[in-house]
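A.B. asks: Here is what each chain is made of, one letter per residue.
Protein chains: 2
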Amino acid sequence: MSIKQVAIIGLGLLGGSVGLAVEEHADGISTKGYDRNPDVRARAVERGLVGTVCDTAAQAVSDADLVILCVPVGAMEAAAAEIGPYLKNSAIISDVGSSKESVAKALTKALPGHTIIPAHPVAGTEQSGPEAGFASLFTNRWCILTPPEGADEAAVAALSQFWTKLGAKVELMDAGHHDVVLAVTSHIPHLIAYTIVGTASDLEEVTRSEVIKYSAGGFRDFTRIAASDPVMWRDVFLNNKGAVLEVLGRFTEDLTALQRAIRSGDGDTLHDLFSRTRAIRREVIDQGQDDERPDFGRKDHS
Amino acid sequence: MSIKQVAIIGLGLLGGSVGLAVEEHADGISTKGYDRNPDVRARAVERGLVGTVCDTAAQAVSDADLVILCVPVGAMEAAAAEIGPYLKNSAIISDVGSSKESVAKALTKALPGHTIIPAHPVAGTEQSGPEAGFASLFTNRWCILTPPEGADEAAVAALSQFWTKLGAKVELMDAGHHDVVLAVTSHIPHLIAYTIVGTASDLEEVTRSEVIKYSAGGFRDFTRIAASDPVMWRDVFLNNKGAVLEVLGRFTEDLTALQRAIRSGDGDTLHDLFSRTRAIRREVIDQGQDDERPDFGRKDHS
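Those protein sequence lines, which keep their order, are chains A and B. Under the working numbering, think of the first position of the first sequence as 1, with each following residue one higher. Under the working numbering, think of the first position of the second sequence as 1, with each following residue one higher.
Since the hints were made in silico from the structure, they are not lab data. Treat the hints with care, as some may be off.
Since the list can't tell identical chains apart, any single copy or any two copies may satisfy a pair.
Computed list of lysine-lysine pairs in PhoX-like fashion (alpha-carbon distance at most 25 Å, straight line) [claimed, not checked]:
1) K4 to K165
2) K105 to K88
3) K241 to K109
4) K109 to K88
5) K169 to K4
6) K4 to K88
7) K241 to K105
8) K165 to K88
Full structure from sequences and hints, please.
C.D. replies: Right, dumping it as structure tokens:
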């Protein structure tokens, strides 16, 4: 099974980056793209996000060996239903969504009988839209495939090879397990960041101006994540409810324990935790998953 | 009142950066420094963190016009008591601690009759120790002075001028208000980051290896803050207990409201918050308090 023609539905940060990465890293693969927003399509043409920007989803997918849905997870079912009648029988249908059980269910419902291999490249920035994509987004990042039981092995191999070409490292995982892992490493961090940024801007005792001015004390880090796309993230929380609520429960238990330690002046408990967490940072850096420079190498430290 | 000779007690990230910033930005001011750890003193000599590294705190402060205590806030009282007998009568005593009511109390107790002007430059990185300091740490950052009622105006002016020379913008504030503002913009963000990194590493369902591998989904940002100095942060929480617990209460209320929205599938509440927080990020960047490049300009996006 050989992937020669790829259709990208949705030309935001992820869709645009897939198109640019194919252009830069995957000789012999052509791309067509579609976005339901005509302004996005126009900008995609200007930036050359894909080889051909199509005016309908049907045109984009009709000769595709691989279709990648790059839309919010809540929009997957509708996007899949729209392309269904125009797909080649042999096409692999995949996506880049951050929750995988819900996406598998939506795609299976909309496209019965088709070869569906959901995927999630764990990569992104706080920016979104057709300006945001870039070719190296997936370099050295993990892409998790969650093939359903009995999935076509050749299709899984072809999709793995595709993501490897784009610079990613590929891992196969059960969709349910994916959803718990990502609740921990992505969804709850986003929920917490959105929350604290909201809390800070709503306090009566502290002005918004003060929050901004003194944000270098740590708060500014959270504002980056809390600037992420609102629709994408709304959909993630609604579509990974079970795992998110489970991990959130653990987090609030742990936070309550620290609250108690602060109230009772239990410095040892605080010190023990604060020492343990340092080692995790070291491992993240050692495994090439973050910039080792202080403060992520922000330019104000040049 | 003219500051010609500055003593820096504690030669870690903050003390070292003050010394290097004076050397680079403040012609005509000399520095002496002391750290109770002889290995740190030796490294301070090698890096040239201060003009003269002294073997005792007494030697460092005896001719100083300004003494800056750069030790964890829980160590302020002991450090102040140690230098008390050797201070010039005219010396200004200041610090860089992240909680100001507790520091004012500790310094007033240890150094009755002296001119005490607590200060807090809102700047830092996740690194610590004598390797971590650099001369531009305070550039374009705010330094908050919390002079007690009736403080010597000339001393406040001299200290303001000193921090301005180092590149900082100076603001005067009541110590109690400082402690609430910093609870929001620094202390609670650190507490949350430490907590989620701890939660993630303790889960049974998700391995530590998975947490590290997929950390680019957002989690890795939190590992940076959670790599901060454990002793410094233990002391901050123990010494700003009231404001930290108050702001933490607000945060957990807001988080509980979002939890309820997720459980009940209330997408509008999620979308409303996620849209509001984007504007805060924009202001942080517009006011020069963060790097505008996506993902803080991390090098894996080059």
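A.B. asks: Confirm or reject each hint.
C.D. replies: Quick rundown of the hints versus the structure:
1. K4 to K165: Result: close within a single copy only, 13 Å intra versus 61 Å inter.
2. K105 to K88: Classified as within: same-chain Cα gap 21 Å, cross-chain 75 Å, threshold 25 Å.
3. K241 to K109: For K241 and K109, the Cα distance is within 25 Å only inside one copy (20 Å; across copies 53 Å).
4. K109 to K88: Within. Shortest intra-copy distance 18 Å satisfies the 25 Å Cα cut-off; inter-copy 80 Å does not.
5. K169 to K4: This pair counts as within: shortest intra-copy Cα distance 21 Å, inter-copy 57 Å.
6. K4 to K88: For K4 and K88, the Cα distance is within 25 Å only inside one copy (13 Å; across copies 79 Å).
7. K241 to K105: Within one copy only: 15 Å inside, 48 Å across.
8. K165 to K88: So K165 and K88 pass the 25 Å test inside one copy only (23 Å; across, 68 Å).
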